[in-house]
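Asks: Could you put the whole structure together from the sequences, leaning on the hints where they help?
So the protein sequences, as listed, match chains A and B.
Counted the way our numbering counts, the first sequence spans residues 1305 to 1839.
Counted the way our numbering counts, the second sequence spans residues 1305 to 1839.
Think of the hints as simulated: they come from the structure by calculation, not from any bench.
Certain hints may be false.
It does not matter which identical chain is used: a pair holds within one copy or between any two.
Think about it this way: if two alpha-carbon atoms lie no more than 16 angstroms apart in a straight line, the pair counts; the simulated EDC-like pairs of lysine to aspartate or glutamate are [to be verified]:
hint	residue 1	residue 2
1	Lys-1374	Glu-1754
2	Lys-1385	Asp-1332
3	Lys-1374	Glu-1816
4	Lys-1697	Glu-1729
5	Lys-1374	Asp-1748
6	Lys-1667	Glu-1689
7	Lys-1449	Glu-1414
8	Lys-1374	Asp-1786
9	Lys-1393	Glu-1414
10	Lys-1393	Asp-1596
Number of protein chains: 2
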Amino acid sequence: MMNSNLGGKALEFLGRSFIAGTRISRGDAVFFGTSASTGERLEPAFTGASMQDVHDAASAASAAFPVFSKTSARVRARFLKAIASRLEKLGPELVSRAMAETALPQARLEGELARTCGQLRLFATMVEDGSWQHARIDRALPERKPLPRPDLRSVLSPLGPVAVFGASNFPLAFSVAGGDTASALAAGNPVVVKAHPAHPGTSELAAFAITHAVAECELPPGVFSMLFDDGIAAAQQLVQHPAIEAVAFTGSHRAGRALMDLCAARPRPIPCFTEMSSLNPVFILPGALAGDPRGGARGLHGSFTLGAGQFCTKPGLVFLPETDGVDAFREELRTLSSANAPFTMLTPGIANAYHRGLEDRRKLDLDTVAASVSASPQSHAVLHEASLETFQKQSALHEELFGPTTLLISWRNRERMLQAAEALEGHLTATLLGDEADLAVYADLIAILERKVGRLLVNGFPTGVEVSHAMVHGGPYPATSDSRFTSVGSQAIYRFVRPVCYQNFPQAALPEALRDENALNIMRLVDGVLTREPL
Amino acid sequence: MMNSNLGGKALEFLGRSFIAGTRISRGDAVFFGTSASTGERLEPAFTGASMQDVHDAASAASAAFPVFSKTSARVRARFLKAIASRLEKLGPELVSRAMAETALPQARLEGELARTCGQLRLFATMVEDGSWQHARIDRALPERKPLPRPDLRSVLSPLGPVAVFGASNFPLAFSVAGGDTASALAAGNPVVVKAHPAHPGTSELAAFAITHAVAECELPPGVFSMLFDDGIAAAQQLVQHPAIEAVAFTGSHRAGRALMDLCAARPRPIPCFTEMSSLNPVFILPGALAGDPRGGARGLHGSFTLGAGQFCTKPGLVFLPETDGVDAFREELRTLSSANAPFTMLTPGIANAYHRGLEDRRKLDLDTVAASVSASPQSHAVLHEASLETFQKQSALHEELFGPTTLLISWRNRERMLQAAEALEGHLTATLLGDEADLAVYADLIAILERKVGRLLVNGFPTGVEVSHAMVHGGPYPATSDSRFTSVGSQAIYRFVRPVCYQNFPQAALPEALRDENALNIMRLVDGVLTREPL
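Replies: Here it is, written out as structure tokens:
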């Protein structure tokens, strides 16, 4: 069952987990990838990880940590870039297999691959720059009265092995070699990925790239492992394993909360970042309707149907004032939504959940504009409309519904609309469409939304999450488990580090970032002042 | 039962909670402060908070948040400094009442008051400086292919109302106006304190100072409330209240874990930082024993008996090699420990727990050097010694024992000592005593300890926690609930903030820290480069 030869051709799928550089899966369960378009089984068979496999992967990660956590910025940056290069080399195979497993179009997957590689290189650049570590130095004050101050220096250090969960809706950028893995590795943490069973072949190819990069950079093989399982046993065991120090997940509220609860209930609780559920409310303001109502409708339609509405940031809720232009907006949106060709969903499970969710909404007697719903895995765009009062009464309308649908909430009373905004749960994003006058008149709405979301947009749409330094892909629960962090952008690294302080340490025993000479030329907080000067 | 007149003399204790500027306690339970030295009841009676009081305090905090979170840095800095000034004005009364309630000596409490005020002013300075907010700007790239980049800007924003728990062992610096309150307020979060019942009078005076500072700065009264309760009902209700967004606690492992579990089990879980339990291991290295063994013993003795051993950072575990000088070290430590006058503990509860813990250790048949243990609240210094093997077998020896005692673990086999270090749980600190040669020879020990603690010290002692920028008073569980944060020093603010991103916002609608002109002159990350330049 073991094959430690990783030199074979990329396309020779082995269907086995990657345990610290070896290919092994000793579980009983076997599963297959399926074509998202046809439902056909795709070769090969994937064997699930056994309990021993999970233990071996976590233990190998723990064993690799002392070495990997001490690697230089140069080595870690080279490693991240090597992963990106190897993913690019596998590009055609990766895209082709991902197309088969997800039915996402080629251009989207090519873009996602570019984004994934760009993300790895962004972290490489940040690691090379070094200032992300927040080095702080408070120099000794031996003459201070009544007590002298010792020399104190702190720097961010990696937490330890991180368990990463692949997401179904981004088979590259939020999966095996995605942002969670990139940010955890950048900080110096080994990673154990639980591959998403909706795209096992894509996962195998990405793991292949990372495993080769580990070998190329002569890192301990335990720096990366990946486990296959189409059930929940491996996941449960992994997040409870004593060697795992943090968890990162993108997916449903139910699964994310289950992981949070498992992490919190451990004898030794660990940080668990889950990105889960978001309606991404959009507030159309009067100026937008007075200006270009049909343009706004086209933008919104493009956003809520993008990727068949299977984005974490899909706008699922649209607040619409009954002011001039609203009829044109509504008409354009209805026309576009009715004219959509059917969408192929990522998995039959997602398609079924979408159809069930629509059925539930239908029972609420909402105003519906919809093409007929076909059999799984095909789905149609559906547009619902409800009054503010119905929205506030029906808790089901406050839950995320993955798929190409959105809900219009029309309002006439400004105070009631503000009350509804105040009653919103946490979301990843909130969007305002309007002119400058609107933003002044609705400053109170903006102030409410700032407390509800991780990202606020003006005159744009929330789908399309830029990977950059200022991006926040986070927000209050249930958008994520912990609003203090983001899973996209360079700030994602802060999920996986902790400050360590060195008191009265001689120079030679200090981490390089904290030594007097500042050979890394990083920005440091010295006696409360940010500077790159050596001491 | 209500008295909204806060203008009376400081010494007129009312014994009622502070609910958003009013003095009210509608609970059934009444309790008294007690003299820690004599056990005598101290006037007045304190009435516990009712469920309605808890709800009112949390709701008022929530109502104050929109205004307080938007106050300028100047206003918040003035507020923090006003609290410090008012505490200083109450100095003699505060110290005198705290002496009665805790039996801590006057000089210690005067020092603690100075530390508490210095802490408030440190946060004021940081808030005025502004760079702590980590403003980030990624400018729009409208010509980028294949897709343009929008303008993205992020900044740290306050979480919302924070529940703070006063600690028994630092009636000023870790209580009502202590580091948790200072850092939460500095970030713009209202605070609801649950006063520790071991020093209710001290708490009332500190709350009096804060409430007056709120009024002086014309802030919404809900910015600060304080609840009395000598049971656990108010605490439980407070951390589960929907308006509370974060919790900060310093105390026992049992109570801290209970709060963590309550926060994690909420319908909407919230961040909970608890600082709980630490043995603060000290590793005496051969060079220290060869150099000045008696000096090392004196320093250690001073540290583990400081404040009757009731410090979070008390060294409770001392690894001792059987090398030259060890006999002198041991003899000096035994002599000093045997000669200690009895200590008065903070509370009868702490004294009883200490005596029970010593009793448990006695059953383990350790080598004991101890004066006889007197009746509560008086306690004697006790020194135990155990072999490495006994220490590794007995899990009870891995638990914190508050009080003037420590445990020597002698070792001869370097590998076994390293294994014992590797098996340690998380602690706040680890200390090495040795010369430069030791630090090179024991680099592997340092590498192990870096993964176990928040602060590493060389040739010092862990008691005495500097309040500065580089301090880390944190560490892996069970030292704290989340090793990514600290409760002491300016980094403590990061427990209570989250990043918020603004996409494509017009200048006028942006927070001041993110506007092009950088009127605040703060350090910002602009397109990945740290700069104070305007855009």
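Asks: Flag every earlier hint the structure violates by its number, smallest first.
Replies: Checked against the structure, the hints that fail are numbers 2, 8, 10, while the rest are satisfied.
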